[in-house]
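S.K.: Could you use the hints to bring the two separately framed chains together as a complex?
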Amino acid sequence: MTPEPDPELREALLAAVPSLRAFAISLSGQVDRADDLVQDTLLRALANLHRFEPGTNLNAWLFTILRNLFHSEYRKRRREVEDPDGSYAGRLKVQPEQGSHLDFEDFRSALAKLPSDQREALLLVGASGFSYEEAAHICGCAVGTIKSRVNRARFRLASLLNVEDIEDLGPDSMTRAALQG
Amino acid sequence: MDIAKVGYPSERWDGKGTKMTVDKGKKLARTILDMSVNDKLTTDPKLDSGSQKRIGDQLRAMYDELMQQPVPDRFKDLLDQLDKKNEGKEGSE
Chain A
1 MTPEPDPELR
11 EALLAAVPSL
21 RAFAISLSGQ
31 VDRADDLVQD
41 TLLRALANLH
51 RFEPGTNLNA
61 WLFTILRNLF
71 HSEYRKRRRE
81 VEDPDGSYAG
91 RLKVQPEQGS
101 HLDFEDFRSA
111 LAKLPSDQRE
121 ALLLVGASGF
131 SYEEAAHICG
141 CAVGTIKSRV
151 NRARFRLASL
161 LNVEDIEDLG
171 PDSMTRAALQ
181 G
Chain B
1 MDIAKVGYPS
11 ERWDGKGTKM
21 TVDKGKKLAR
31 TILDMSVNDK
41 LTTDPKLDSG
51 SQKRIGDQLR
61 AMYDELMQQP
71 VPDRFKDLLD
81 QLDKKNEGKE
91 GSE
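Top to bottom, those sequences are chains A and B.
If you read the first sequence in the numbering used here, its first letter stands for residue 1, the second for the next number, and so on.
If you read the second sequence in the numbering used here, its first letter stands for residue 1, the second for the next number, and so on.
Hints were generated in silico from the structure; no laboratory data involved.
Small disclaimer: the values here were computed from a predicted structure and weren't measured.
For each residue, glycine too, the CB sits at the ideal point set by N, CA and C.
Any given hint could turn out to be false.
With a straight-line cut-off of 20 Å between C-alpha atoms, the simulated SDA-like cross-links for lysine to any residue are [unchecked claim]:
| id | chain 1 | residue 1 | chain 2 | residue 2 |
| --- | --- | --- | --- | --- |
| 1 | B | Lys76 | A | Leu46 |
| 2 | A | Lys113 | B | Ser51 |
| 3 | B | Lys53 | B | Glu65 |
| 4 | B | Lys46 | A | Asn162 |
Pair ranges (Cβ atoms, derived) [claimed, not checked]:
| id | chain 1 | residue 1 | chain 2 | residue 2 | range |
| --- | --- | --- | --- | --- | --- |
| 5 | B | Ser49 | A | Ala47 | 41 to 47 Å |
| 6 | A | Ser159 | B | Pro70 | 33 to 39 Å |
| 7 | A | Glu133 | B | Asp57 | 21 to 27 Å |
| 8 | A | Ala142 | B | Lys76 | 37 to 43 Å |
| 9 | A | Gly144 | B | Pro72 | 33 to 39 Å |
| 10 | A | Asp106 | B | Pro72 | 25 to 31 Å |
| 11 | A | Glu8 | B | Asp48 | 44 to 50 Å |
| 12 | A | Asn162 | B | Pro72 | 34 to 40 Å |
| 13 | B | Asp77 | A | Ala142 | 38 to 44 Å |
Just chain B, same shape as in the assembly (with noise of 0.2 Å):
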């Protein structure tokens, strides 16, 4: 069991005992890469990208229909008005 000596998480976790021994500097080395990965989890958390694209497709689905909507009259009115308004008067808000 030469791997186990490597100490791989698996390997340890998964067997029975331990019956191996870690030195206590593998020990500490991983302990400060689990800190940091904890660390970077709740920090800025990562979606796999599968879950990340099924969120972007629905996002963009639901917004499309949004776009997809007429224009309400009011905004071409607004629009229009706002013409006939600065033909009329010059220079004025």
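This is chain A alone, in the form it adopts within the complex (with noise of 0.2 Å):
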């Protein structure tokens, strides 16, 4: 049984879409793909109403959702998400914010070559907004191995990227250092 279209909900489910999308591009790298899983997410959502608890977290539902069907299909395909020859990065093709003196770029490759399960615990914890407890109950492991897992992705972007700016040391590496302190 299908549950009367409630607008209330379908603005809910429209407003949760930049997120969601945000979320998968990173996760897969593809915005193609990310789109395909947001879409497959929205409608398995609207099939599976009657199991959400009103009152407790759209979000976390929906990016239960999404991320148990990018994994299902991951396993399906048999294809490996990570990406020593950075194709994940180059496939990702968004702007630099004008004026920016980050460089998305080097940080994509890096993110990129994190294992799959610490780019996502990262993603929800350090990006998305969830809590080391929402995170755990979206991935449906120990809140400790969520911990465990943004410490290690932290750990790893940081030596990638320290490693990238020694390859890179210029005249500026002084600057760099201070404004990294």
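M.R.: This is the structure we're talking about:
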């Protein structure tokens, strides 16, 4: 049985799309695949609305669906998401913020080098704004596991980005070092 | 050199010779301490707050850019279609 279409719910689903897309794009590294994932997530959510407990976090529920779809698809395809040759980063085409001093290209390729469980945990906690508890619920694992994955992800990113900084040490390396301090 | 007898690592390792003697108990205690510190580092590395902030800032900046992309029409169309479908026939999936 499909529940009555609720205009409020429709708005809530639509409002969740940007964050679902950002997560799906960052997770898969492909905009097309991410949009398919978001579409499948919405369809599945609508077909299972009776399972959603009103009053609980709709976004967390949607993220759980998207995450599970991503992993079942991943298992089906048996394709590596980790991306040592950098094609993940290359597929991600987002214009850098105007006048930004941040180098997203470096950051994206570092992010792509993380194991997918670490990338996922970091994206949920560090970017999507979920608590450790919510992220643990979304991923179906212990809170301690999420904390450890987030820590390892940050640590790995820092070392990857620092390595890259050292590689292109220029005259402004001192400035850079000072800025990082 | 009273402090050397206490056996602070810097005093022991930076000094030229090892004139001072460190009793075995302290040595053992330090070894255990070093091991537990190393163990902690390998299982759960911690970043200094500066690096952590820098990583966090970059991540959010990259993510915000994705969030600000316009929602593709296919999602609006999808939800519109479902509304219409549900108006037409009741209780179908």
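S.K.: Which numbered hints turn out to be false for this structure?
M.R.: No hint contradicted; all consistent.
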